[in-house]
Amino acid sequence: MAKVTGRIVVDTEQCKGCGVCIPVCPFDVIELAKEFNSKGFHYAYMKNPEACTGCMNCALVCPDAVIKVYRKKVRV
Amino acid sequence: MDEQQAKTEDIIKKENLVFDKTKLLTDKAFHYCPGCGHGVVHRLLMEVIEELDIQEKTIGIAPVGCSVLAYHYMDIDMQEAAHGRAPALATGIKRTLPEKYVFTYQGDGDLAAIGTAETIHSCNRGENITIIFINNGIYGMTGGQMAPTTLENMKSSTTPYGRNVKQMGNPLKITELVAQLPGTCFVTRQAVHKPAYVRKTKKAIKKAFKYQKQEMGLSFIEIVSNCNSGWKMTPNDANKWLENNMLPFYPLGDLKTPEKK
Amino acid sequence: MGELRLMKGNEAIAEAAIRSGADGYFGYPITPQSEVIEHLAAQKPEERTGMTLLQAESEIAAINMVYGAAGCGKKVMTSSSSPGISLKQEGITYIAGAELPCLILNVVRGGPGLGTIQPSQSDYFQSVKGGGHGDYHLIVLAPSSVQEMYDFVELGFDLAFKYRNPTMILSDGAIGQMMEKVEIGEQKPRLTEEQIKEKYPWATTGKTKDREKNVITSLELEPEKMEQFNRKLIEKYRKIEENEVRYEEIQCEDAEYLMVAYGTSARICQKSVQIARNEGLKVGLLRPITLFPFPRKRINELADQVKGMLSVEMSSGQMVEDVRLAVNGKVPVEYYGRMGGIVPSTEEALKDLKQKIIGGK
Ligand SMILES: Cc1ncc(C[n+]2csc(CCOP(=O)(O)OP(=O)(O)O)c2C)c(N)n1
Ligand code: SF4
Ligand code: SF4
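Going line by line, the protein sequences match chains A, B and C. According to my numbering, the residues represented by the first sequence are 1 to 76, in order. According to my numbering, the residues represented by the second sequence are 77 to 337, in order. According to my numbering, the residues represented by the third sequence are 338 to 698, in order.
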């Protein structure tokens, strides 16, 4: 069966930790890190990368355009 | 763990990239508060200009408000207007350079308070320009004072007990107002706090530029947005509040299209 | 010699605008200068040269339309009279701050407030000291004839583009409404987009691949950079003062007493000088043509020659302050003026000179 899987890459230095990418993710992939970036923000990261489908929801609402989205078809 | 790592590397490859920041946004980080909708709208505008390949033909006008430095982020020729005067600048530009695409980017204080005359008359004359109107119901830049669009009973630093409409007047639905003017061809209200809304907003902006090319008159796009700093909420709470309070009063959708006036 | 036409001052401005190859005019009606936009409308500038003409919803909108078009390197102007010029001040300071060239005509009427629709020179301070907020100057030209109204349009545009600074023509209701013979110039072509891009590389004409984006703004949030910009403006004004001072001297060579007057007042004083000379009094007239830059140096030199000066103005005494600054205490400087739209008479002005300067010890 063909399935799409995805990954996001957050520019952790530019992320402001606003968290608006979190509730729009249908698969609960994203979380804010406990660590800070150099600007003092808890940056977003993939706590659950396997679940990402590359739907781009997070990137669409990210106010700082710091999310890159990758998507690939895989066989399961 | 190693297996997962390998898989991730497999996916994060140039050919699999489906979303990246448009090249028409500069490398400068937005000065906006975390979660502020201004950033999304900036990005959509630049994506549309990139996709229509009109960077060389576009002149934008920045307002006075939080987005006063919009020209730091947008890699296009821009002018900075006095508070509320962006549509007058746009008129001067478009009248003398009718082949260019001209847009203004304005907040609710800029567009619907101090600049009301410029807004109404540019709409009424049907200037072939695009107005992007960010309605966050408050004066963000100056620290959260009441805006013309502040909701009834909504708190701001100048209405600390809530907007009393008897004393302060009613929130102004300027978008409904300009939709009635013969000079506007496309009047719509959108939002950017949910992915589906973001997609629709982008479509609306694209349409507006197309109508501009066809010289159909003024396109007016209101975007109901947040100001979590001014509203004193976390970004996600602000977006929820927006959904539950702003949208019932400022309902989303097209108010006027060239097909259906 | 070019074609001669009998014209009103305000019409001369309109005709000169079209013939100078201007790209646009944005205005709002107000007495006593509405003939400018009316004459333009009658002339169909869109057909004659492609020049844009628009009646705006207010003076605020009109000056900001000028800002937008000027930011694109276009040759654009607006005109108004005193109350309308007050409204334009916001736009004017932004234009000065963004270093944009444009032409602004003020056909002055008396104030304060709604005042009178009659001629006045009471906007002198507002014009030469800046007018809006912040540290800036306009280049200010003061015509005293309909011919100068015509000529100063092109001169005003030239200076505005040379220094990237707004130019004001400071006229008054008398010159705006007066009819005189005017020698009309040839029609100049408007610049093409390519010419604008070449001549004014700073203009917002659309960012092309071969250059960085252009931004027109007056905003600078870093104190050091803002001060640097203020210093740059000071340097520009210094250059303007060095190179662009214009004035006319009438019988100053042997003058013992000097009248200083511009515009309509200068026309009056010119006759006062004649009468005085007939009476054997050595009176001269210095007529500043540029009010900014002010002919400070020349007035200071003349202070070494004359025994006293009289500034004659249709105001409560504004230019007299600049004359005093120029003279720096060397000789007495007095003021004579009428207000409310009353033009001083030749005799009155001379009588005052005799009382305060010639006879008065
Ligand atoms: C003539 C003038 N009056 C007042 C101000 C102060 N001021 C700056 S921004 C602003 C309000 C901005 O609010 P809005 O347009 O809603 O934009 P936001 O900051 O919310 O994005 C005000 C009152 C100004 N800069 N100029
Ligand atoms: S929406 Fe963007 S800026 Fe905000 S937390 Fe997510 S990645 Fe960071
Ligand atoms: S103050 Fe409000 S409008 Fe301004 S950047 Fe912050 S969240 Fe955005």
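There's no promise every hint is true.
Stated by the list, open to error - Example chain C residues on the side facing chain B (calculated, C-beta under 8 Å, incomplete):
1. Ser371
2. Gln455
3. Trp539
4. Asp547
5. Asn551
6. Lys667
Stated by the list, open to error - Quick list of simulated restraints, FRET-style, between CB atoms:
7. B:Glu126 / C:Glu559: 29 to 37 Å
8. B:Leu128 / C:Lys562: 30 to 38 Å
9. B:Glu127 / C:Arg583: 51 to 59 Å
10. C:Lys634 / B:Leu128: 53 to 61 Å
11. A:Glu31 / B:Pro324: 29 to 37 Å
12. B:Pro174 / C:Leu343: 32 to 40 Å
It is worth saying that the hints were derived from the structure and are not from the lab. Since we're looking at a predicted model, the values are computed, not measured. Just so you know, even glycine gets a beta-carbon here, dropped at the ideal spot from N, CA and C.
These are the hints, each one checked on the structure:
1. Ser371: Given a least distance of 19 Å, the restraint on Ser371 (chain C) is violated.
2. Gln455: 29 Å, violated
3. Trp539: 10 Å, violated
4. Asp547: Hint violated; Asp547 (chain C) Cβ to chain B Cβ min 10 Å, cut 8 Å.
5. Asn551: 5 Å, holds
6. Lys667: 43 Å, violated
7. B:Glu126 / C:Glu559: 29 to 37 Å: 30 Å, holds
8. B:Leu128 / C:Lys562: 30 to 38 Å: Between Leu128 (chain B) and Lys562 (chain C), where Cβ atoms are some 35 Å apart, the hint holds.
9. B:Glu127 / C:Arg583: 51 to 59 Å: 54 Å, holds
10. C:Lys634 / B:Leu128: 53 to 61 Å: With a Cβ separation near 57 Å, Lys634 (chain C) and Leu128 (chain B) satisfy 53 to 61 Å, so the hint holds.
11. A:Glu31 / B:Pro324: 29 to 37 Å: 32 Å, holds
12. B:Pro174 / C:Leu343: 32 to 40 Å: 36 Å, holds
In terms of the numbered hints stated before, the structure departs from hints 1, 2, 3, 4 and 6, listed from lowest to highest.
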